[in-house]
Amino acid sequence: MKAKIGDQPSSFTTIFYYLFLGIGAIISVFPFYWMFVIASNERGAASHIPPIITIGNQFINNFNRALEKTEFWTAFGNSLFVSTLVTASVVIFCSLAGYAFAKYNFKYKNFLFFFVLGTLFVPQQLSVLPTYVIMAKLQWIDTYKALIVPAMVNAFGIFWMRQYISSSVHSELLEAGKIDGAGHFRIFRTIVLPIITPSIATLGIFTYLNTWNDFFWPLVVLKDKSHYTIQIALQQLFTTRDGLDFGMIMSATFMATLPLLIVFLLFSRWFIAGLTSGAVKS
Amino acid sequence: MATTAQTSVKTAVPKRRLSERKRDNLFAYLFISPFFIIFGIFGLYPILFTIYLSFFKWDALNPMKYIGLQNYQFVLEDSIFWTSFSNTLLISVMGTIPQLILALLIAIFLNSAFTKFKQAFRVLFFMPNITSIVAVALVFSAIYSNNGMGNWLLDIFGLDAVAWNSGWWGVKIAIATMIMWRWTGYNMVIYLSGLQSIPADLYEAARIDGAGRFQQMIHITLPLLKPFIIFTVMMSTIGSLQLFTEPYVFLGQSGTSSLRSEGITMVNYLYSEAFSNSFFGTAAATAVILLVFTIMFSMINMWASNKLGGDTEG
Chain A
1 MKAKIGDQPS SFTTIFYYLF LGIGAIISVF PFYWMFVIAS NERGAASHIP
51 PIITIGNQFI NNFNRALEKT EFWTAFGNSL FVSTLVTASV VIFCSLAGYA
101 FAKYNFKYKN FLFFFVLGTL FVPQQLSVLP TYVIMAKLQW IDTYKALIVP
151 AMVNAFGIFW MRQYISSSVH SELLEAGKID GAGHFRIFRT IVLPIITPSI
201 ATLGIFTYLN TWNDFFWPLV VLKDKSHYTI QIALQQLFTT RDGLDFGMIM
251 SATFMATLPL LIVFLLFSRW FIAGLTSGAV KS
Chain B
1 MATTAQTSVK TAVPKRRLSE RKRDNLFAYL FISPFFIIFG IFGLYPILFT
51 IYLSFFKWDA LNPMKYIGLQ NYQFVLEDSI FWTSFSNTLL ISVMGTIPQL
101 ILALLIAIFL NSAFTKFKQA FRVLFFMPNI TSIVAVALVF SAIYSNNGMG
151 NWLLDIFGLD AVAWNSGWWG VKIAIATMIM WRWTGYNMVI YLSGLQSIPA
201 DLYEAARIDG AGRFQQMIHI TLPLLKPFII FTVMMSTIGS LQLFTEPYVF
251 LGQSGTSSLR SEGITMVNYL YSEAFSNSFF GTAAATAVIL LVFTIMFSMI
301 NMWASNKLGG DTEG
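Chains A and B, in that order, give the protein sequences. Quick note on numbering: this note's numbering labels position 11 of the first sequence as 11, and the sequence is numbered without any gaps. Quick note on numbering: this note's numbering labels position 208 of the second sequence as 208, and the sequence is numbered without any gaps.
Be a bit skeptical, because a hint or two may be false.
As the list claims (entries may be wrong) - Keeping only pairs whose Cα atoms sit at most 30 angstroms apart, straight-line, the calculated DSSO-like set for lysine-lysine is: (1) A:K145 x B:K57; (2) B:K226 x B:K307; (3) A:K107 x B:K22; (4) A:K223 x A:K145; (5) A:K109 x B:K65; (6) A:K225 x A:K103; (7) A:K223 x B:K65; (8) A:K109 x B:K226; (9) B:K22 x B:K118; (10) A:K178 x A:K109; (11) B:K226 x B:K116; (12) A:K145 x A:K225; (13) B:K22 x A:K178; (14) A:K223 x A:K107; (15) A:K223 x B:K57; (16) B:K22 x A:K103; (17) A:K145 x A:K69; (18) A:K137 x B:K65; (19) A:K137 x B:K57; (20) A:K225 x A:K69; (21) A:K69 x A:K223.
Honestly, the hints are just simulated from the structure, not real lab data. Quick caveat: nothing in here was measured; it's all calculated off a predicted structure.
Let the sequences and hints guide you as you build the complete structure.
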């Protein structure tokens with residue numbers, strides 16, 4: 001633990017701090033819990049007064065209604081497929097590009113790097129129409145290619161890998177590899193890769209979550225029900241007009257959020273550490 | 001100066017080394033090429049094409065027709081566009097400013113040395129950020145349904161029920177709270193890492209000089225946290241100008257109602273122009289206007305934060 005900062009506060013201040021943080025933490029967590037409460041009670045539970053806050057036993061029934069209304073597992077599988085491919089490709093291409101920007105000297109390097117950074121500030125919506133037209137020309141509308149190919153490498157990942165590689169991979173190691181006669185890919189694979197595994201994990205989790213949660217672009221390009229990703233499938237449940245069956249909606253939302261929650265809780269340390277070291281310092 | 005030194009070194013190395021250097025270059029370009037290829041096709045070209053397209057009338061099927069600035073004129077004279085503009089702005093302000101202040105407070109509290117369970121709190125506060133916006137909008141739709149928990153809470157405090165999904169303020173407050181819930185923890189984590197980078201001896205020195213807790217905050221914490229605050233303000237601004245999913249899902253029960261004037265945002269407007277009405281030209285003009293606003297707001301942010309920073313440091 002760190003050394004004490006400032007004076008030892010009064011017990012009143014301490015209680016106030018904990019109360020504030022405690023209420024904040026409850027507000028952060030409550031919607032997750034409530035999602036499951038609504039998902040496990042009778043279908044009208046969301047509009048019960050006073051609110052129901054205990055877990056019921058109707059989860060299976062609610063979820064079965066969701067399965068009737070939507071191809072939940074198909075959408076789940078689609079999201080799994082798309083997110084996995086995007087993540088694998090982002091991790092490979094971003095670490096290679098980050099490695100080049102960190103450890104190679106080539107013409108226009110700084111200019112190209114600033115260009116990469118600049119693209120971070122361009123709103124996605126600016127390019128959505130022509131990209132849609134390109135997808136139509138390529139006949140990629142309503143295919144996973146439209147989701148995967150444009151997302152295969154991104155500026156944030158390159159920036160982030162560069163930061164990590166330039167601070168953690170020592171150039172002498174690379175020189176030694178070169179003297180031993182190892183090729184460029186071999187040096188990357190046997191020397192660089194083992195060192196940067198933690199940052200790859202972070203980038204991977206981050207990319208996976210973002211792809212899994214993406215809504216705007218899948219909404220634009222996916223047409224057929226059987227191709228929907230999980231987020232579109234969830235949103236479709238909400239638009240069915242026969243009354244709002246929150247029990248059903250929440251059961252599906254819960255099932256779609258649970259994998260993320262598990263992954264996050266397992267890897268939270270890497271995830272948050274990665275976020276803070278990568279996000280700032282620009 | 002550095003470049004002249006470099007070129008002189010370059011000419012000095014023997015020819016064999018030069019070719020090795022070229023090989024190195026080649027691999028570097030190979031490693032970075034995927035980004036530039038993908039960005040060129042799906043980023044740069046579409047952006048240029050959007051600007052080009054904004055001067056044409058086009059429905060994606062028939063030939064394009066040049067109409068000069070008429071798309072811009074149409075959008076800028078459309079009252080729905082200005083509603084979407086003011087909605088975006090209002091919701092952003094309502095969702096961002098209290099959120100960042102709250103995030104800063106939580107970070108400061110968490111950073112004080114006597115707070116236990118730091119890791120656990122950090123994880124709990126960050127959890128909302130991993131949920132998808134769709135899931136957030138759905139859960140909050142349940143909370144804000146007519147007889148839902150939101151109105152029950154108001155009732156407890158003796159307030160009248162609010163029509164969260166149709167009232168002018170109701171919709172905006174509902175969407176702003178969704179943004180706050182999802183992003184407070186994220187920004188808190190960034191502030192916390194900023195706070196942890198401030199050396200403890202600075203506070204020590206200030207304390208010896210007799211500076212109180214509040215003075216330490218004004219003269220040490222805030223100035224040193226400035227780059228982190230600028231980063232979060234910038235990201236929040238850019239993010240909230242692109243607000244789309246929350247209103248789309250929250251108001252979307254009956255298909256087109258995300259276009260209702262209480263909650264329509266600029267990107268909602270763009271989306272419906274393009275993909276509901278097939279007015280690709282006006283949608284492109286909207287996108288360009290959105291970019292101009294993004295640049296404008298970013299510049300205002302930079303200017304304001306520099307000015308504020310100057311005051312606290314002086």
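Status of each hint after checking the structure:
Our distance criterion of 30 angstroms between C-alpha atoms is met by A:K145 and B:K57, whose separation comes to about 29 angstroms. For the hint pairing B:K226 with B:K307, the CA-to-CA distance comes to about 11 angstroms; that is within 30 angstroms, so the pair holds. In summary, the hint linking A:K107 to B:K22 is supported, as the alpha carbons are separated by about 10 angstroms, within the 30 angstroms threshold. For the given pair, A:K223 sits about 14 angstroms from A:K145 by alpha-carbon distance, which is consistent with the 30 angstroms threshold.
Taking the CA atoms of A:K109 and B:K65, the gap is about 41 angstroms. The hint is violated against a cut of 30 angstroms. With a CA separation close to 46 angstroms, the supplied pair A:K225 and A:K103 exceeds the 30 angstroms bound. For the hint linking A:K223 to B:K65, the alpha-carbon distance of about 28 angstroms falls within 30 angstroms, and the restraint holds. For the suggested pair A:K109 and B:K226, the alpha carbons sit about 29 angstroms apart, so the restraint of at most 30 angstroms is met.
Pair hint B:K22 plus B:K118 does not hold up; C-alpha atoms about 51 angstroms apart against a cutoff of 30 angstroms. The straight-line distance between the Cα atoms of A:K178 and A:K109 is roughly 21 angstroms, inside the 30 angstroms bound, and the hint therefore holds. For the hint pairing B:K226 with B:K116, the CA-to-CA distance comes to about 26 angstroms; that is within 30 angstroms, so the pair holds. Between A:K145 and A:K225, the direct Cα distance comes to roughly 16 angstroms. Compliance with the 30 angstroms bound is thereby established for this hinted pair.
Taking the CA atoms of B:K22 and A:K178, the gap is about 15 angstroms. The hint holds against a cut of 30 angstroms. Proposed proximity of A:K223 and A:K107 is contradicted: the alpha carbons are some 44 angstroms apart, above 30 angstroms. The suggested pairing of A:K223 with B:K57 holds, with an alpha-carbon distance near 25 angstroms, which does not exceed 30 angstroms. The straight-line distance between the Cα atoms of B:K22 and A:K103 is roughly 15 angstroms, inside the 30 angstroms bound, and the hint therefore holds.
Straight-line distance between C-alpha atoms of A:K145 and A:K69 comes to about 26 angstroms, which keeps the hinted pair within the 30 angstroms bound. Restraint check for A:K137 and B:K65: satisfied, since their Cα atoms lie roughly 20 angstroms apart, inside the 30 angstroms limit. The straight-line distance between the Cα atoms of A:K137 and B:K57 is roughly 19 angstroms, inside the 30 angstroms bound, and the hint therefore holds. For the hint pairing A:K225 with A:K69, the CA-to-CA distance comes to about 11 angstroms; that is within 30 angstroms, so the pair holds.
With a C-alpha separation of about 17 angstroms, the suggested pair A:K69 and A:K223 falls inside the 30 angstroms cut-off, and the hint holds.
The structure shown violates the earlier hints numbered 5, 6, 9, 14.
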